[in-house]
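> Each chain, written out:
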Amino acid sequence: MPGNPLTGFTHRRRRGAELFLIVISLIVGIGAYAAVGLGVEGTVPADIVGYGGWLAVLVIVCHIVVRMTAPYADPVLLPVVAALNGLGLAMIHRIDLANLEQNSDAHTFARTQLMWMTLGVLIFIAVLVFLRDHRRLQAFTFTSGLAAIVLLLLPLMPVLGTQINGARIWIHLGPFSFQPGEIAKVLLVIFFAGYLVLHRDALALAGRRVMGIDLPRGRDLGPILVMWLISLGILVFQRDLGSSLLFFGLFLVMLYVATERPGWLIVGGLLFVGGAYAGYLLFGHVQARVGAWLDPFGSKYDSYQIVQGMYGQAWGGLVGRGLGQGDPTLIPFSYSDFIIAAIGEELGLTGVMAVIMLYGLIVERALRTALVCRDAFGKLVATGLAVVFALQVFVVIGGVTKLIPLTGLTTPFMSYGGSSLVANWAIIALLLRISDQARRPLPDLTGSMDEDATQVVNIR
Amino acid sequence: MNKPIRTMAIFCMALFLALLVNSTYLQYLEADELNSHNDNKRVRDAEFSRERGAILVGGDSVAESVPTKDQFKFQRRYPQAQKYAHLTGYYSYTYGRNAVELTQNDILSGSDPRLFVNRVVDMFGNSQPKGGDVSLTIDPKAQEAAYQGLRDLGGPDIKGAVVALDPSTGAILANVSSPSYDPNLLASHRLSTLPDVWKRLSNDPERPMLNRGIQEIYPPGSTFKLVTAAAALSSGQYTPDSKVPGGTSLDLPLTDTNLPNENGMSCGGDKITLTQALQVSCNVAFGWLGMQIGDAALREQAQKFGFGDKYLDDLNDQAVSRFPAKLDEPQTALSAIGQFDVAATPLQMAMVTAGIANGGTVMKPYLVDEVRSPDLEVLDKANPEPYRSAVSSSVARDLTQMMIEVVDRGTGTTAQIPGIKVAGKTGTAQSSVDRNPYAWFVSFAPADDPKVAVAVLVEDAGVARDAISGSGLAAPIAKRVMEAVINK
Numbered sequence: 001m002p003g004n005p006l007t008g009f010t011h012r013r014r015r016g017a018e019l020f021l022i023v024i025s026l027i028v029g030i031g032a033y034a035a036v037g038l039g040v041e042g043t044v045p046a047d048i049v050g051y052g053g054w055l056a057v058l059v060i061v062c063h064i065v066v067r068m069t070a071p072y073a074d075p076v077l078l079p080v081v082a083a084l085n086g087l088g089l090a091m092i093h094r095i096d097l098a099n100l101e102q103n104s105d106a107h108t109f110a111r112t113q114l115m116w117m118t119l120g121v122l123i124f125i126a127v128l129v130f131l132r133d134h135r136r137l138q139a140f141t142f143t144s145g146l147a148a149i150v151l152l153l154l155p156l157m158p159v160l161g162t163q164i165n166g167a168r169i170w171i172h173l174g175p176f177s178f179q180p181g182e183i184a185k186v187l188l189v190i191f192f193a194g195y196l197v198l199h200r201d202a203l204a205l206a207g208r209r210v211m212g213i214d215l216p217r218g219r220d221l222g223p224i225l226v227m228w229l230i231s232l233g234i235l236v237f238q239r240d241l242g243s244s245l246l247f248f249g250l251f252l253v254m255l256y257v258a259t260e261r262p263g264w265l266i267v268g269g270l271l272f273v274g275g276a277y278a279g280y281l282l283f284g285h286v287q288a289r290v291g292a293w294l295d296p297f298g299s300k301y302d303s304y305q306i307v308q309g310m311y312g313q314a315w316g317g318l319v320g321r322g323l324g325q326g327d328p329t330l331i332p333f334s335y336s337d338f339i340i341a342a343i344g345e346e347l348g349l350t351g352v353m354a355v356i357m358l359y360g361l362i363v364e365r366a367l368r369t370a371l372v373c374r375d376a377f378g379k380l381v382a383t384g385l386a387v388v389f390a391l392q393v394f395v396v397i398g399g400v401t402k403l404i405p406l407t408g409l410t411t412p413f414m415s416y417g418g419s420s421l422v423a424n425w426a427i428i429a430l431l432l433r434i435s436d437q438a439r440r441p442l443p444d445l446t447g448s449m450d451e452d453a454t455q456v457v458n459i460r
Numbered sequence: 461m462n463k464p465i466r467t468m469a470i471f472c473m474a475l476f477l478a479l480l481v482n483s484t485y486l487q488y489l490e491a492d493e494l495n496s497h498n499d500n501k502r503v504r505d506a507e508f509s510r511e512r513g514a515i516l517v518g519g520d521s522v523a524e525s526v527p528t529k530d531q532f533k534f535q536r537r538y539p540q541a542q543k544y545a546h547l548t549g550y551y552s553y554t555y556g557r558n559a560v561e562l563t564q565n566d567i568l569s570g571s572d573p574r575l576f577v578n579r580v581v582d583m584f585g586n587s588q589p590k591g592g593d594v595s596l597t598i599d600p601k602a603q604e605a606a607y608q609g610l611r612d613l614g615g616p617d618i619k620g621a622v623v624a625l626d627p628s629t630g631a632i633l634a635n636v637s638s639p640s641y642d643p644n645l646l647a648s649h650r651l652s653t654l655p656d657v658w659k660r661l662s663n664d665p666e667r668p669m670l671n672r673g674i675q676e677i678y679p680p681g682s683t684f685k686l687v688t689a690a691a692a693l694s695s696g697q698y699t700p701d702s703k704v705p706g707g708t709s710l711d712l713p714l715t716d717t718n719l720p721n722e723n724g725m726s727c728g729g730d731k732i733t734l735t736q737a738l739q740v741s742c743n744v745a746f747g748w749l750g751m752q753i754g755d756a757a758l759r760e761q762a763q764k765f766g767f768g769d770k771y772l773d774d775l776n777d778q779a780v781s782r783f784p785a786k787l788d789e790p791q792t793a794l795s796a797i798g799q800f801d802v803a804a805t806p807l808q809m810a811m812v813t814a815g816i817a818n819g820g821t822v823m824k825p826y827l828v829d830e831v832r833s834p835d836l837e838v839l840d841k842a843n844p845e846p847y848r849s850a851v852s853s854s855v856a857r858d859l860t861q862m863m864i865e866v867v868d869r870g871t872g873t874t875a876q877i878p879g880i881k882v883a884g885k886t887g888t889a890q891s892s893v894d895r896n897p898y899a900w901f902v903s904f905a906p907a908d909d910p911k912v913a914v915a916v917l918v919e920d921a922g923v924a925r926d927a928i929s930g931s932g933l934a935a936p937i938a939k940r941v942m943e944a945v946i947n948k
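Here the protein sequences come in this chain order: P and L. Quick note on our numbering: the first sequence kicks off at 1 and runs consecutively. Quick note on our numbering: the second sequence kicks off at 461 and runs consecutively.
Mixed in with the good hints there might be a few duds.
[Stated by the list, open to error] Partial list, derived from the structure: chain P residues whose beta carbon lies under 8 Å from chain L:
1. VAL257
2. GLY312
3. GLN313
4. ALA314
5. GLY316
6. LEU318
7. LEU349
8. VAL352
9. MET353
10. ALA354
11. GLU364
12. ALA370
13. LEU371
14. THR383
15. VAL387
16. PHE394
[Said to hold, decoys possible] Partial list, derived from the structure: chain P residues whose beta carbon lies under 8 Å from chain L:
17. VAL286
18. GLY348
19. LYS379
Hints listed in this document are in silico derivations from the structure and should not be mistaken for laboratory results. Being a predicted model, the structure only gives us computed values, none of them experimental. A virtual CB, placed ideally from N, CA and C, is assigned to each residue, including glycine.
Chain L with its partners taken away, still in its complex shape (with noise of 0.2 Å):
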């Protein structure tokens, strides 16, 4: 018998080698991914008790953790809620993370094996590992002027946002959206209380929790003039100097209605340069331009500026801007005048007018500017890259010019500073009948020499419909942020 014996003993070592194999596969192999499942509670107890970095902006904290003494060692901190909220976003036990908090959560928990090292030696040194400092970056004074700016035309409760760029590297200065709110509320311990903050939060309908500069697109309405422009000179048929029409209204062909201008009035006379259309962003020669370059060189453009692609890595689900397909002449000349079914973040506005700042090129907006081990060794620095090549630079010089007319002596005067050449576009977008229109105003500054582009889109102030403008709520904003980057 003792043959089938030897057989069963080397049976037996096969079931013990499976055992061993199996386990190292379970314990070893597929450990990173098993730790990575949302519903794994060791993992989240433990990153909660860690000590996670703190998100810095100008080096000051916008979240950080303190010690706490109840059954988590640390407690999440944001000391400016409402104002960053939408870019440190929350941390909470029980409704996950959200913007940078999650984007750059392997740096803020310790886990990322950049951290390697450092977990190593607090694995030997016995001491807890300490997640990573992420600093952003945003200008401090840009989004506090921004802030402010919202608060003061409505208060707490205006629906709005703002977004500004530096258009040399793309680098967010400032985003700030309104109605914000209290991420220190969804970071609570006390676990019981969650539930109901969160029903509250995301049931809203004002939606607070929602970033209105990145994650929601709106009618551009005139700001989507310059997209027009540049298309128009980038084909190399107009310069600003073409004469456009400039009547009361455009006959829309298979229609009987015709596009007026936003007043009733003519823009100042039958024929005028492109650059009085845009100074009085005349919908009459913009919609009439529209149907001359078509809408496949409208699209072109549009996305050559970013329209239909998602470019922001440091921010989660950011919102796609539309351009739409397959358009007939009078739903082109609409969307050349940023109606019909184009919609923009109030970002890709800020990156058409950065793009158009900075001689054409649109840069790739980031948000984190560097990244720091708990010792303050720099792990990783922002390396501004370009994203797209929009329009020449002859077109960008030319397309300033028109933009500098726009606030000298157009509709975007609001905007001015004095000793400071700002270029600038206003828009006043209607979304439907029943509700109010947006009230957009992009711009930059120094327009010889610019270091801040932004876009400023004003949803609902709470105003009666017809002080709602571009020019009166919107540009002023633009103007303190523009003042903040610049006076620093």
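If we strip away everything but chain P, and leave its shape as in the complex, we get (with noise of 0.2 Å):
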């Protein structure tokens, strides 16, 4: 059969060319953690076999998972990832390196975050492999909601949530600390996509028209209402400025997508300049982050961080000091929120522009997938986990460069955490489950069955 009938056009694998995309990433990746080591002491580090040898199992093995679960997915994604990770690594152990230099009881981060690394992998395969379909996760609408509620209030808990920096967003489990809000964001896609399509015609359609906006009846809209302003009021006690933006946008666009009515955006719109504004009034942590904001130079706000990170992506310029060159470990943080200051203090305007068309290629594969998806809620899941990867990546990088003011988030695939990255690779795990459902071509229906029987889809 030359094509699909529904779309004439039928895709091919492509996992030829994700291997060899991989094998770039892995060259990237390897050859930045050996660029360090010549950086900072001269030699090739002696551990670069073990290391690069891990690195590339890991994505080999990934390859070979989608390979086998998966033939059809969207062959960048996974290589894009690999190199953002392997990136990510090489920075954050060039940081533990300039660390080790001032003390030698610094407590270093490339091997934690490998160990994630390798947990969100894991989690990866177990998506690929146990979830078949992506439309078994609609089932799991209201399960998932509750569970992201629960999620975002754990650190709230006395015993168990933890205060660092300001935000109460962690918890601590024995040795481990763990960011519930990053899975939470997984979870509330999938509430909000099972929500929309089960009630999308209802929104859009029954209700009243004031002032030439369509508003929706009250019970269709109500419990994801209730839902935006739980996660909302939750984020506000926990002073994580950064995650309330990320879901109040990631609501908005899904409700824009659902419903086709450009109406939503203008009304989330004004509800966000209101919420900002009556933000800004309210909490003193927000004034300082604007005031920070506007003027980093004045010593008004405590903005030393902001403006290190401007020094320092500003001594890096347009090719950088080179890696293991700079001085990254001025910038507090730059572990973690602020990786990309250090990017471009020693990989320069070049390696960060390489960066952000990275994961902007990541958000555009995973729009493509949502377009070619055929339900409406891969649809939807496809679309919000690739709103909300492009405006984490938005606020964070857009923080660090004094784009708009500084909240916290991390910098997906390349922040030191685990639970950012974990919930990462789920992400992408979603995603490559979706475009594989959506790549595929349809079974050859024609003829074998009657054209009247109802079909039979298995959702279960």
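Fit chain to chain and form the complex, with the hints in mind.
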């Protein structure tokens, strides 16, 4: 059969292309690790074989799992993620070395981060192996919503939760610390998608028209609004500006995509402006962030971190100082939220642009998956994941480069942090699963089945 | 749902585009500005670890970077620290830069656009960029003469300053200020020692870091009579032979007080010539003269020599010399003899002298003669330029003749150099009753073909009050400096 009767086009598997791109991304990741050793100590690191081997094994295993369980999946996503993760690891290792130079007892992050990456890859494999059809997730709509709320509430619990750097978004379980918000992000996307698929017609069509905007019925809007208020409320109490922004944007975009009503964007935009202004008036820490953004060189607000990040990036210039040649330890948290400033310092504008382009690729490939996806739920999940990813990258990189006020969020796949890494690997697995479904040729049903018979789709 | 998804794709693209544009702005367009911030530790560390260019005087370095093995790769050294401290300035990790280290920092650190080609070559050749050298106009012999001249008066604690100029170019040939300090202490890499050194130097009541030649103004006393004489001659109503009063004191209108002469005696008769008046530094004559020509003419003449203006680019924090605005008659009389509220830097008085020596044209003073790239290619050479035309050449000739009389048989005989005609003027300025007066001497030589103009100020030599005079303290130093330049 020359093509799909519905689209007239059959996607090719392109797994060979994926493998080729993965080899390139491994060269980037392992090469960066070697360059760090050369730049700091003058020799290629002694553990390059073990480290490089481990990284290669992880990524190749992912590739094999994709080949077996999702052969039609998008071939670009995995290599891009591998490149970002490898580069992030090399950068964290570089900052470790700089810290060790100043203090031989300094805490190092690279090894733990590699462990987290391993866990992320395991989750990735688990998602692909056990979730053979993403539509099954639709059955867990409300479970996901509930789980998300519980996860978001956990850090507020007296024993579990810990306040770190002013934000109460961490829980501690024995030796592990965890940011449940990162996982809640994925669960919220599933909840919104599942709910909107069922209610989008009602939201779009039923209801009254007020001032040119179609207002939906309260009972359709109710649960989702409650959900949104709860998540925002929690975040306000946890003082986590970045996540508030992220969840609100996610909610708005998914509502818009599901109902196809641009009016939601206008209403939401106004709500956002109002909420942001109220937040600015009500909360000292919001004022401090905005103040430091507007006037980083005044002494009124504590802007040391953002100023150091800007100095680092300016110092990097067009091509950077070279890995191991800069001073990224001058920037507080250069291994986590501010890793892009460290990239800017050592790899220059060139490196920063490459990283931003890689993130852009992930987002646009995810949206492309949403476009070709055949079911509404898959479309919404893919769009939601793409948008939440794009917003997160924008909020954190924009904050570090002083485009917008700084809010604490991790840089996906690069910042140090287990929860973020694991959650993002799960997001990629979901996207691959959806794209595999979307790109897979339709089964040839012509003739073999009675045209009038009802088709049964097993979604469980 | 595909239409909103496409919209979101465009929206996300816009987000990433904004990130790209913003990082370009930050890392390319705004980078130079951010790199110039004082609290930018990276830039400071890198600049500190770079081989900074030398500051040269007569081919020898007075500031140089030598390799070290500590956290920065090069240590700044000042081999003739005390003698050149106020010219080189310091280069300190914690306290920044001063003097030539400050004004020529771009060349010395290697960040000047004129060194761009070198930087590119260094980048591709993978060698550390180096700074360029700065060569000063200082004549090492004149500088030594000025430095030793001040020291011989009263050791390292004497307060005073010497500024010598080449009258025909404006090049600064010597600039010494005393007491001095050791910039090596501020350039030390033992960063923990810096705050103490800094506190000691900046809290010292003798203010050793102050360049008294350029950064402080003093009442110029009788040396200002040159400006008054210049104004009088330029008015066309007076010649060197004009008769002026020369009695024992001048009655000041509007007040009960009289203006006496320095020694309380007559200047040599009731009527003397202007030449005689300058020769004996007659307060009565010049006070009277000031009232005759008026404060406006005096002020205009002073401004033509540079009062009220900044003209020195090569050193920072130049003090502006002052001729007060709005004077009544007695104040004009006092101002005409360099008292009341008139105040000038030694550099300013050297410029008055150099302007007379140069036929009436004051040259713009400069200290940096040449800047060179690390491979000794000359990037820039100073180009002497006229600053202002202060007096006509005939007035300059008359004034020169009068100043020769001062040295030949007047108050300035101690500045005579055998075989060479010297033109000069002494000054002894009161600042307040309870402190010792300032001793001044300004001069140039040879009077017929001037090679050097010099101003010497002795603020406090630790000698008895009646021993303080321009002739006794300052003129011998001026003589040594002039000899050093002429006998090359």
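> Give a verdict on every hint.
These are the hints, each one checked on the structure:
no.	hint	in the structure
1	VAL257	holds (4 Å)
2	GLY312	holds (7 Å)
3	GLN313	holds (5 Å)
4	ALA314	holds (4 Å)
5	GLY316	holds (6 Å)
6	LEU318	holds (6 Å)
7	LEU349	holds (4 Å)
8	VAL352	holds (5 Å)
9	MET353	holds (6 Å)
10	ALA354	violated (11 Å)
11	GLU364	holds (6 Å)
12	ALA370	holds (5 Å)
13	LEU371	holds (6 Å)
14	THR383	holds (6 Å)
15	VAL387	holds (6 Å)
16	PHE394	holds (4 Å)
17	VAL286	violated (21 Å)
18	GLY348	holds (7 Å)
19	LYS379	holds (5 Å)
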